[in-house]
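Asks: Residue numbers for the sequence shown follow the numbering used here, beginning at 83 and rising by one.
Rather than coming from a laboratory, the hints here were simulated on the basis of the structure. Model, not experiment: these values are computed from the prediction. Keep in mind that a hint or two might mislead.
Taking lysine to aspartate or glutamate pairs in the DMTMM-like style, the calculated list, with each CA pair at most 25 Å apart, reads [stated by the list, open to error]:
hint: 1; residue 1: 199; residue 2: 102
hint: 2; residue 1: 199; residue 2: 122
hint: 3; residue 1: 199; residue 2: 159
hint: 4; residue 1: 199; residue 2: 165
hint: 5; residue 1: 199; residue 2: 116
hint: 6; residue 1: 199; residue 2: 180
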Amino acid sequence: MISAEEYGAIISDLMDELPEEFFRGLTGGVIMSEALVIPDYARGNDIYTLGQYQVCCGVRQIVMFKGSFDRLYPQADVPAAREILRGVLRHEFRHHIEFLGGIRGPSSLEAEDERDKQAYIARHQDRDNV
Numbered sequence: 083m084i085s086a087e088e089y090g091a092i093i094s095d096l097m098d099e100l101p102e103e104f105f106r107g108l109t110g111g112v113i114m115s116e117a118l119v120i121p122d123y124a125r126g127n128d129i130y131t132l133g134q135y136q137v138c139c140g141v142r143q144i145v146m147f148k149g150s151f152d153r154l155y156p157q158a159d160v161p162a163a164r165e166i167l168r169g170v171l172r173h174e175f176r177h178h179i180e181f182l183g184g185i186r187g188p189s190s191l192e193a194e195d196e197r198d199k200q201a202y203i204a205r206h207q208d209r210d211n212v
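Could you put the whole structure together from the sequences, leaning on the hints where they help?
Replies: Put into structure tokens, the structure is as follows:
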């Protein structure tokens, strides 16, 4: 399991890879949390929230959840963690960029995430009905 210091350093390095324009309007920045976050629609201990784009009270921020990462990837070393977290961070930045651009509808990441959520729920309903 990577340490909190390693996790923070990885996130910082990954942020340095991104163009400065991506941070426009991200008033709360990127925050690292120790929380383990289980989505409210979870049907078991098989899905966790690794990152989240949040908009509240005029603040736009990205929160990265180390507790969730540790639960899903307890054996990850620094190189593996870097690749996983790169994908999560870029996913959350895409939410931010789409929010700023007013992108909604079936081709948005928000819609894609909702389709993934519904597919997860359907898979678990199928298992529950067996």
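Asks: Run every hint past the structure and note whether it holds.
Replies: Status of each hint after checking the structure:
This hinted pair does not check out: residue 199 and residue 102 have alpha carbons roughly 31 Å apart, beyond 25 Å. As the CA atoms of residue 199 and residue 122 are separated by approximately 11 Å, the hinted pair is consistent with the 25 Å bound. Distance hint between residue 199 and residue 159 is unfulfilled; the C-alpha atoms sit about 28 Å from each other, more than 25 Å. Distance restraint check for residue 199 and residue 165: the Cα-Cα separation of roughly 23 Å lies within the 25 Å cut-off, and the hinted pair is therefore satisfied.
Taken as a hint, the residue 199 and residue 116 pair is honoured in the structure, with Cα atoms around 24 Å apart against an allowance of 25 Å. Under the criterion of a C-alpha separation no larger than 25 Å, the hint pairing residue 199 with residue 180 is consistent with the structure, at around 19 Å.
Checked against the numbered hints above, the structure breaks hints 1 and 3 and satisfies the rest.
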